[in-house]
Amino acid sequence: MTEQEIIDATNDVFEKSFEVERERLVPQAQIFADLGLDSLDIVDLIVALQTRFEVKIRNEEKVREIRTLQDIYRLIASFKNDQNGTSAT
Amino acid sequence: MAKVLRLYLLNLYFYTCFLVLSAAVIPALTLFVACGAPFQSRRTTLKRFRRAITWYGRVVLAISSPFVTLRYQCPAQDDPGEPYIFVCNHRSASDAFVMGLLPHEVVQIVNTWPFRIPVLGVYARLAGYLNIRNLPHATFLEQASRLLNDGVSLIFFPEGTRSATGKMGSFHSAAFRLALATRACVVPLCICGNENTPPKGSPLLHPGQVTLRRLSPITWAEYRELTPISLKNRVWQLMERELARMESPA
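Quick mapping for you: the protein sequence lines, in order, are chains A and B.
Sequential numbering from 28 applies to the first sequence in my numbering.
Sequential numbering from 5 applies to the second sequence in my numbering.
Watch out, some of these pointers could steer you wrong.
Said to hold, decoys possible - List time: in silico DMTMM-like cross-link candidates among lysine to aspartate or glutamate, alpha-carbon distance up to 20 Å: (1) 43/A / 88/A; (2) 89/A / 71/A; (3) 171/B / 244/B; (4) 43/A / 61/A; (5) 171/B / 65/A; (6) 51/B / 86/B; (7) 171/B / 199/B; (8) 83/A / 32/A; (9) 83/A / 61/A; (10) 171/B / 71/A; (11) 171/B / 88/A; (12) 43/A / 229/B.
Claimed, not checked - FRET-style restraints, in silico, Cβ to Cβ: (13) 125/B / 77/A: 34 to 44 Å; (14) 118/B / 60/A: 17 to 27 Å; (15) 122/B / 30/A: 51 to 61 Å; (16) 108/A / 206/B: 45 to 55 Å; (17) 115/B / 29/A: 22 to 32 Å; (18) 85/A / 251/B: 40 to 50 Å.
As the list claims (entries may be wrong) - Covered stretches of chain B (chain A as the covering partner; in silico rule of three or more C-beta atoms under 8 Å from a C-beta of chain A): (19) 46-59; (20) 104-110.
Worth flagging that the hints you see were computed from the coordinates, not collected in a lab.
Glycine is no exception: its CB is placed at the ideal position from the N, C-alpha and C atoms.
Take these sequences, add in the hints, and give me the full structure.
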């Protein structure tokens, strides 16, 4: 999956599941302050991302470090890389 | 200069009356509730206690009435007996007192700081106000559902903090998750004119006219198909439109 595909698919999750307008979905957007999510919504977000990317997002520390949309793109990319690494071995 | 002096005099009047009347009214209402407690069920005592808090709120509003006028607007078809989930925009520390205008038995859903207010914090705890910051979500859902089942309405300020600009902030979703779990009606409340009574970061009350407008309930049948996020966004948009109408010059 390319970086752009991850960005597009993540933005799609925000647009469809959280009704955030596409123009607000910029990499530096803060998940809480700019996109209006709260701590309860994060659970829904993780579920939606897991379904969309077919990954298991389990590393709680990494999830807790999420602040911006860019952080999510990076998180997904790292999980996808881990997944690819595991399937290659 | 005269205007500033008048403002300080009004505040001197308000805070003096506030302290004196609080010192008289709070013990009187406590006595009123305590005297009946041995002869009543816990539920009835709690109901009287919450009613007493509402009366206290009305006393505080009455003190400010010479320079802060209040209007309460409510649709005629509302049933005051049904427990509702009220969601209200939040601009001023006085909003909690303005909720005294509602005719329901209510519990406010608050952050940690109201529990730290001397005396009032203790009463908030005794009245069963819920601290949404401290409770795990499952526990919060359980306790809030129990209150609704007992016929107690809940008041949320879903922005989570007072707006300093007057522009309504984005909502937290807890109220809407609770609504979907309990099927209770959601009732939006719009307050305007309160941004200076007092403004965020200042204790000074400014003269003004505060309007509390209660919108029609949104029933389970109307929102059952929505996700918490969709419901949250619908209510936010509804309230934003209503606030714009309330604040537009007639």
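Hint by hint, here is what the structure shows:
1. As the CA atoms of residue 43/A and residue 88/A are separated by approximately 26 Å, the hinted pair breaks the 20 Å bound.
2. Our distance criterion of 20 Å between C-alpha atoms is met by residue 89/A and residue 71/A, whose separation comes to about 16 Å.
3. Distance restraint check for residue 171/B and residue 244/B: the Cα-Cα separation of roughly 9 Å lies within the 20 Å cut-off, and the hinted pair is therefore satisfied.
4. Pair hint residue 43/A plus residue 61/A holds up; C-alpha atoms about 17 Å apart against a cutoff of 20 Å.
5. Our distance criterion of 20 Å between C-alpha atoms is met by residue 171/B and residue 65/A, whose separation comes to about 19 Å.
6. For the proposed pair residue 51/B and residue 86/B, the alpha carbon gap of about 14 Å is at most 20 Å, so the pair holds.
7. Among the hinted pairs, residue 171/B with residue 199/B is consistent with the structure: their alpha-carbon atoms are about 10 Å apart, no more than 20 Å.
8. Note on residue 83/A and residue 32/A: the hinted pairing holds, with a Cα-Cα distance of about 18 Å set against a maximum of 20 Å.
9. Restraint check for residue 83/A and residue 61/A: the C-alpha separation of about 26 Å exceeds 20 Å, so the hint is violated.
10. Among the hinted pairs, residue 171/B with residue 71/A is inconsistent with the structure: their alpha-carbon atoms are about 27 Å apart, more than 20 Å.
11. Only pairs whose Cα atoms come within 20 Å are accepted, and residue 171/B paired with residue 88/A is rejected, the gap being roughly 34 Å.
12. This hinted pair checks out: residue 43/A and residue 229/B have alpha carbons roughly 15 Å apart, not beyond 20 Å.
13. Our hint of 34 to 44 Å for residue 125/B and residue 77/A holds, since their Cβ atoms are close to 41 Å apart.
14. In this structure, residue 118/B and residue 60/A meet the distance hint of 17 to 27 Å, their C-beta atoms being roughly 23 Å apart.
15. For residue 122/B paired with residue 30/A, a C-beta distance near 55 Å keeps the hint of 51 to 61 Å intact.
16. In this structure the supplied range 45 to 55 Å holds for residue 108/A paired with residue 206/B, their Cβ-Cβ distance being about 52 Å.
17. Between residue 115/B and residue 29/A the C-beta distance comes to about 43 Å, which lies outside the given range of 22 to 32 Å.
18. For residue 85/A and residue 251/B, the Cβ-Cβ distance of about 48 Å falls inside the hinted range of 40 to 50 Å, so the restraint holds.
19. Counting residues of the stretch 46-59 of chain B whose beta carbon lies closer than 8 Å to any beta carbon of chain A gives 0, which falls below the threshold of three, so the coverage claim is violated.
20. Here's how the stretch 104-110 of chain B fares: 0 of its residues keep a CB closer than 8 Å to some CB of chain A, so the rule of at least three is not met and the hint is violated.
Consistency with the previously given hints fails for numbers 1, 9, 10, 11, 17, 19, 20, ordered from lowest to highest.
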